[in-house]
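Novice: Below are the chains, spelled out letter by letter.
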Amino acid sequence: MVPIAYRVEWRRQDLPDTVTLGIAPVEAPLATPTPGQFMMVWAFGVGEVPLSVSGIGEDGRLEHTVRNVGAVTAALSRARPGEIVGVRGPYGAGWDLDRATGRDLLIVAGGLGLAPLRPAMLEALAERHRFGRMALLVGARDPQSLLYTEELEQWRGRFDIEVEVTVDAAPPSWRGDVGVVTKLLGRAPVDYAGATAIVCGPEVMMRFVAIGLTDAGVPPHEIWLSMERNMRCGIGHCGHCQLGPEFICKDGPVLSWTRMEKPMMVRER
Amino acid sequence: MDVVLSRDGVADLVRQLRADGRRVIAPVRRDGAIRLDEVESLDELPTGWTDDQDGGSYRLHRIERPELFGSATPAMPWKRWVYPERTLLMTAERRDDGITITTPEPEAVPQAFFGIRSCDVHALSILDQVFLDPVDPTYAAMRRSTFIVAVGCARPGGTCFCASMGTGPAPTAGYDIALTEICTVERHDFYAESGSEQGAVMLGRLDGRSPTDEDRAVVSGLMTDAADQMGRRLDPTDPTAARDHYDHPRWDDVAARCLACANCTMVCPTCFCSTTEDTSDLAGVVSRRWRTWDSCFTLDFSYVGGAPARSSTRSRYRQWLLHKLVTWHDQFGTSGCVGCGRCITWCPVGIDLTVEIAAIAREPGGST
Amino acid sequence: MKSIRDLLAEHPVFGSLDSSLLELMSGCGRNEHFDSGAQILREGADADHFYLLRSGRVALEVAIPHRGIIVIETLGPSEILGVSWPFPPYRWAFDAKAIEPTSAISIDAACLRRKCEEDPVLGYQVFSRFAQLMRDRLQATRLQLLDVYGSHAG
Chain W
2 MVPIAYRVEW RRQDLPDTVT LGIAPVEAPL ATPTPGQFMM VWAFGVGEVP LSVSGIGEDG
62 RLEHTVRNVG AVTAALSRAR PGEIVGVRGP YGAGWDLDRA TGRDLLIVAG GLGLAPLRPA
122 MLEALAERHR FGRMALLVGA RDPQSLLYTE ELEQWRGRFD IEVEVTVDAA PPSWRGDVGV
182 VTKLLGRAPV DYAGATAIVC GPEVMMRFVA IGLTDAGVPP HEIWLSMERN MRCGIGHCGH
242 CQLGPEFICK DGPVLSWTRM EKPMMVRER
Chain A
617 MDVVLSRDGV ADLVRQLRAD GRRVIAPVRR DGAIRLDEVE SLDELPTGWT DDQDGGSYRL
677 HRIERPELFG SATPAMPWKR WVYPERTLLM TAERRDDGIT ITTPEPEAVP QAFFGIRSCD
737 VHALSILDQV FLDPVDPTYA AMRRSTFIVA VGCARPGGTC FCASMGTGPA PTAGYDIALT
797 EICTVERHDF YAESGSEQGA VMLGRLDGRS PTDEDRAVVS GLMTDAADQM GRRLDPTDPT
857 AARDHYDHPR WDDVAARCLA CANCTMVCPT CFCSTTEDTS DLAGVVSRRW RTWDSCFTLD
917 FSYVGGAPAR SSTRSRYRQW LLHKLVTWHD QFGTSGCVGC GRCITWCPVG IDLTVEIAAI
977 AREPGGST
Chain U
940 MKSIRDLLAE HPVFGSLDSS LLELMSGCGR NEHFDSGAQI LREGADADHF YLLRSGRVAL
1000 EVAIPHRGII VIETLGPSEI LGVSWPFPPY RWAFDAKAIE PTSAISIDAA CLRRKCEEDP
1060 VLGYQVFSRF AQLMRDRLQA TRLQLLDVYG SHAG
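Chains as they are written, first to last, in this note's numbering: chain W, 2 to 270; chain A, 617 to 984; chain U, 940 to 1093.
By construction, these hints were calculated from the structure, which means they are not laboratory data.
Hints should not be assumed to be uniformly reliable.
[Unchecked claim] Derived, one-sided and incomplete: chain A residues facing chain W with beta-carbon distance under 8 Å:
(1) Gly714
(2) Phe888
(3) Ser928
(4) Ser931
[As the list claims (entries may be wrong)] Here are the in silico distance ranges between beta carbons for each label pair:
(5) A:Trp906 to U:Ile1003: 50 to 56 Å
(6) A:Asp670 to W:Gly218: 54 to 60 Å
(7) W:Ile5 to A:Pro722: 18 to 24 Å
(8) U:Arg1081 to A:Thr908: 39 to 45 Å
(9) U:Asp1086 to W:Gly133: 32 to 38 Å
(10) U:Arg1068 to A:Pro865: 37 to 43 Å
[Said to hold, decoys possible] If you want the footprint, here are the derived chain W segments under chain U, 3+ residues with CB under 8 Å:
(11) 140 to 154
(12) 170 to 181
(13) 194 to 208
All C-beta atoms in this analysis are idealised placements derived from N, C-alpha and C, irrespective of residue type, glycine included.
Using the sequences and the accompanying hints, generate a full structural model.
Specialist: This is the structure:
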């Protein structure tokens, strides 16, 4: 439950309310997270929040994409290079890409949900031969709120992955798609019955995406969602993140639609 | 090993525990209720008092005989002596060259829980499952340093239902010594049984006599009578029938009565939820991080996307009850309830979870 | 060169029509091509055609005073452009502009309406497909209304 010191190496303003911090351990690093795991990140004197890992670098370096929504994330968003933050983890179960070996891979991101999916995306691309067809489907509110636009453009330039980006509304200068992200589901050129889907975004978006994927033929146990709940401890002690029988912090955050369908369809669970 | 102790023998047990350097926590009469506190001698126990407990009601009154353990479960659970309400997790200090973080050594004052009931002993084993894997250092240290003197309940409280939960009234495991008080017109003594090596050693230091078959028969009779006196019942696995009844109309009914005051979670011997808070000195040089008890009845307990996940009392009561009685089985393989009845007694509006779960476990609209 | 009937038969929405109905419907269709930037529909104008898109991309736009032009949906191959033609007052609700060179089968609305009245079987087949289409659009619109990515999300 005690963080260790990491130094902010760089800070990038992604969106008006969102920054990405590159941090490096001051001394020995924590264990290297796997894609989909999270860290508890602490701002001195303010508190701690669970943050998904959006980049896994050399020598224990980590990237976290932070949206300023509360006191702790506000403090972290303000952190400048050289400053110290506290980190503990990694916690939870991430995406099991090994299980998807030999299958088509669908990556579906909504809004900031692209952040935790980025390490999975990079890992899959680094070992591209392990998977069948691959598609990245990204939904956002508008073109201004897209994350990692430079990388999206690079990925879109590749011939071994289909990248589709859609926004809810756009000015005429936007050359991409406009429409809800679920519209992209049936369109991606993959074999749905033989695909594994990894999904992250706001809960309501994931619900509709999971339903859309099931309709398209993806087996429910091959749909993996990264769930969000507030967490204080990360190890199943504080009780906050419970959703039905699951402790999102240790049973999740990545859970299959098989397990999430029932609780996600009940209001105020 | 088992022996029969006189009242003096039990008083000596308190002395011996203290002589070993243990603080002895025991029931005491304070503020019109039986509470728990450190005692220096057996005389501080609420001799000759019992309690009347019912939904939303608690009164003490005198009894004729000088029973030491004539009252039922104390108002507060024992958990605060293994899982304190407020624990310092760490202290961080800003220095020129960065930040140093120190953690306090977990407090491990040797202690004894003197007079803990079987339900509450079971509650400790439930907390063990939560806090020993993975290990919470504070809990582990305090739990390890605790000597358990359990007491069989000859007088169940008005809201108890341990017999149906299989958690009492007689202690069956998890103790160092178990006492059963025999207090009649003719005699006042205590049947004592060891449940561990250190319990047996302790009994060996006391001046007791060997029990007779009659002593054992009396104890067994007391426990059977106590089990028969319990007016409420709850089978530990029955509530799982409520698993998918999220939209049962009874939730609206109970929500209309529930004040979301969180009393039930505070008095529950197994409720373990906590939150953390960070404090900072005015100079912003030293920061401390604390863990405090929390309750799933608070609005901001659970949130998603920056907004409360359970904004209605209905959903918060549902979370508490279904966790305690249903999903606890999925998580830990047991019920989260031990049948102590505190949540019924200390609910200001007398909500009775045995009644609520029975209604909710039935199909909505099903016959009663 | 493929006939209109062949092209209709390839289209996912109408391809499943009976051969005789395809024949009937193809009598109202013709091939059209739009250059990038071409205005296809104009808000308030007569809804006298609709389009089965074959290639390219079309943006549905609405002009909002002080906010300029907002694209509310883009449509691509195998989608249908225009759902205002079956119902009075037969006027377009949005502007539609080709944002890529776009090929489509355009269907003469008055012609198809007349054939649907004359042949209720064709009418049922056409209208049930448009009902499905409008349900899908309505669902999508509701999702957009939810603004699920809003900054309230953490």
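Novice: Decide, hint by hint, whether the structure agrees.
Specialist: Hint check:
1. For glycine 714 (chain A), the suggested interface contact is upheld, since its CB lies about 5 Å from the closest CB of chain W, less than 8 Å.
2. Here the hint on phenylalanine 888 (chain A) is kept, as its CB sits about 6 Å from the closest CB of chain W, short of 8 Å.
3. The restraint placing serine 928 (chain A) at the interface with chain W holds, with a minimum CB-CB distance near 6 Å, inside the 8 Å limit.
4. With a cut of 8 Å, the hint placing serine 931 (chain A) at the interface with chain W holds, because the nearest CB-to-CB distance is about 3 Å.
5. A hinted range of 50 to 56 Å for the beta carbons of tryptophan 906 (chain A) and isoleucine 1003 (chain U) is consistent with their spacing of about 51 Å.
6. As the Cβ distance of aspartate 670 (chain A) to glycine 218 (chain W) is approximately 58 Å, the hint placing it in 54 to 60 Å holds.
7. At roughly 19 Å, the beta-carbon separation of isoleucine 5 (chain W) and proline 722 (chain A) lies within the given 18 to 24 Å, and the hint holds.
8. Remark: the range hint 39 to 45 Å for arginine 1081 (chain U) to threonine 908 (chain A) is upheld by a beta-carbon distance near 42 Å.
9. Distance hint check: the CB atoms of aspartate 1086 (chain U) and glycine 133 (chain W) are about 34 Å apart, consistent with the given range 32 to 38 Å.
10. One distance hint, 37 to 43 Å for the beta-carbon pair arginine 1068 (chain U) and proline 865 (chain A), holds here, with the actual separation near 41 Å.
11. Counting residues of the region 140 to 154 of chain W whose beta carbon lies closer than 8 Å to any beta carbon of chain U gives 4, which reaches the threshold of three, so the coverage claim holds.
12. With 11 residues bearing a CB less than 8 Å from a CB of chain U, the region 170 to 181 of chain W meets the requirement of three and the coverage assertion stands.
13. Chain U is given as covering the region 194 to 208 of chain W, and this holds because 4 residues of the stretch bring a CB closer than 8 Å to a CB of that chain, at least three being needed.
Consistency note: the structure conflicts with none of the earlier hints.
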